[in-house]
Amino acid sequence: MAGTDKKKKGRTVEYGRYGYFFIAPFFIVYAIFQLYPLINTIRLSFCRNLFDAFGKEIGPDFNGLDNYKDVLFGTSGKFLDTPTIDALSNTFIMWFLNFLPQLLLATLLAAWFTDTKIKLKRQGAYKIMVFMPNIITAATIAVLFYSLFNFPQGPINQAFVNAGIWDEPFNFWLSKWAVRLLVAFINFWMWYGNTMIVLVAGILGINPSLFEAARVDGATSTQIFFRVTLPLLRPIMLFSLVTSAIGGLQMYDIPKLLTQSGYGDPDFASRTITMYIKDLALTGARQVGKASAASMVLFAVTLVISLVLFYIMRDKEAIKEKKAIKLAQKKGGNAA
Amino acid sequence: MKRFKKSLALLLVVIMAVSAWGCKKDDDKTSTDPTAEVTESAAAESEEPAASEEVSTSTEPFYIYSWNTELEDRLQYFKDKYPEYTDRIQYVNIGDSAIYQEKIDGLLGSPDSAEYPDLFALEADYIKKYVNSDYTLDVADLGITADDYANQYAYTLTIPTNQSTGAIQALSWQACPGSMMYRRSLAKTYLGTDEPDKVQEFVSDWDKFFETARTINEKSGGATKILSGNDDIVKVYLATKTKPWVDENSVFSIDDNMLAYFDAYKTLEEEDLTNKTSQWTEQWNANCANDSTFAYFGCTWFLHWTIKANCGGEKVGEGTYGDWAMCQGPAPYYWGGTWLAATANCSDKQLAGLIMKTLTCDTETMNKMADETLDYVNNKEAVQQLIDAGKGPYEFLGGQDFLSVFSPLAENVDVSWMSAYDQKINEQLDIQVKAYANGEKDKDAAIADFKAGVADMYPTLTVE
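Each protein sequence line maps, in turn, to chains D and V.
Just so we're aligned, residue 1 is where the first sequence starts under full-length UniProt numbering, counting upward by one.
Just so we're aligned, residue 1 is where the second sequence starts under full-length UniProt numbering, counting upward by one.
Any given hint might turn out to be false.
So the derived label-pair ranges between C-beta atoms look like this [unchecked claim]:
| hint | chain 1 | residue 1 | chain 2 | residue 2 | range |
| --- | --- | --- | --- | --- | --- |
| 1 | D | Q153 | V | D444 | 29 to 37 Å |
| 2 | V | D444 | D | G164 | 35 to 43 Å |
| 3 | D | N134 | V | D291 | 38 to 46 Å |
| 4 | D | N134 | V | E201 | 37 to 45 Å |
| 5 | D | E57 | V | V13 | 38 to 46 Å |
| 6 | V | W280 | D | R122 | 39 to 47 Å |
| 7 | V | A286 | D | Y30 | 48 to 56 Å |
| 8 | D | L104 | V | D291 | 44 to 52 Å |
| 9 | D | G164 | V | I99 | 37 to 45 Å |
| 10 | D | A31 | V | V13 | 51 to 59 Å |
For the record, the hints were derived by calculation from the structure and aren't laboratory data.
Every residue, glycine too, gets a C-beta built ideally from N, C-alpha and C.
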């Protein structure tokens, strides 16, 4: 009796198992190419592992928190006065300079494209034009901007000098803020179309009867935007903020290719944290341990920023409601 | 039972797949009898010089790595001489010198890989890193003797010498002594002469060089500058170092001449003595064809493939063709050059030796190479034959004999200042020199940042 029961049980479960087989490839690939490197990075960040000038590997030997000390305090011993932190702050500056205008413009465009009152014509064409820079590879755009802002005879310099606005050509590549702004601008220009599409999708997901109701009640477009669209767009906003923050902190291709030396000219002003990690791990003494520690710092910063964003963008009303329900339940319980 | 059948089927499939894969590998790797190969290479090792003449019977692909097509073109000379190897040679062009080292480092670290390089090309900037390691073989192990490379220029042998064992681990087919290449017509206008010997007097040391730079700038009213960009002087200054960046005790120190370089660069920038273009940019190249630039510091290949290619003409009268001449400039230096090295796990040392010998030691082949490609070959005998044959006088240089100019320069190149760390350190130097010249920081801060940058890149060094 018991035996047949078991068999029956086994047979019913068997079919469900195929599902696992189908999703197995993802998990196998993930484990090999993501999970293992991730764990190994954490391990290596506590190890001394580099190569000497003769190509001999040193380590990996466990050396405790030395890499973190090196990354956070450097040789001078001053807290946060290290190339890692410099690179991180460069990244943050360039991300902030690109993201703020990007979000503003994308939201504005998304509002226009979805406004039922304006009913913009030829929307498809506009959307394609706005999205277009995102299709071109970053390498091409970097090279394009490099020639555009070339010194002394790039098109921009020539145009301004010929127009008599400048007396002599300006060397953009030797000015810290010019390069940072250029990097920020390229990222802004490449990604605002993408953000706009995401926001348009978000707005279209809002129940149109809400807009109609607002309009019937006599709300202006501005009022509708700030009182109806924006609050309901919050989850999508959060999504694009978090993805952009993670993507922005990993900024690599544009600053790497835009400057001639590839080290974030001038004087490392546009060197991002990922460029620095790559330089540490793959060039010079190939300091894998230190690069891992720098990666962990990047991970920690990303985590903190994401959590802060989640906290700021949390749905306060919903939390209040939940609390109220809980309170009510408690009270009800007490009363009973 | 059903499940058992299924697992059995799966097991069979796996076994079949594995064996099929195994067979494929066999086809690739050991189609010739492995024992025969072993005895052959053993024989090769016992009778060394004669060995390279023997025909190797291996049919395995022989991988040669480089970052552009230059070596591929040179290999044609080998293939012409030994057509029987043509099919075996697999030339891999990485295509980008910026990622070449990373790629090669990865391959050298996995000797079992099917695409493991047998021979690979090395550039002067980083060659020390490889010839000081066990990743490359002593050329003596390839059957190449000192007699074979007796005709090579001394400096091309000093560079690929392993600093710990003294073994030569790479050979080059070209010598790249540097000179100053100037415009004859501009020299006549601003210096009163276009004779190489007399122009040399105007630039024989750095003080005179800067004086001449100011003269040219003033006389031309700023229309002509002595150089196209500030960066142009760095190769020459680096060659004037009296000691390497890093000495044998792994101590990093800055040479006095390099401290002078900080100021020299700033002088060029502040007094507007150059056109301030960056090297290899369009504008920098274009200045070869106009009167804005008096001179370039260039070497053998630079003459043919940079200045001549950008001079805006192909025969006398067109562009600046024929309006150039060469003199040594403020200091002897060399620029670039490509070496060939065999890897530690090279699959066919005989063939590696034969290729290196043919391309870098064989006077006849090198004579032909120099004649056809205009490359300045690393073979004194071949160069002398070319000079004797009257191949030196060059229309592009207004009839000046370029071989006779380069020949003594090549003999004088001193490379005792090279170290395995040069490329990265020079890059750090470049960044700080620029920051200093643009007034972003003072010299002390720039030097301190330079040292910090080096220490950050190479934690094993003692930075003074």
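field: Violating hint indices (sorted, rising)
entry: 4 and 10
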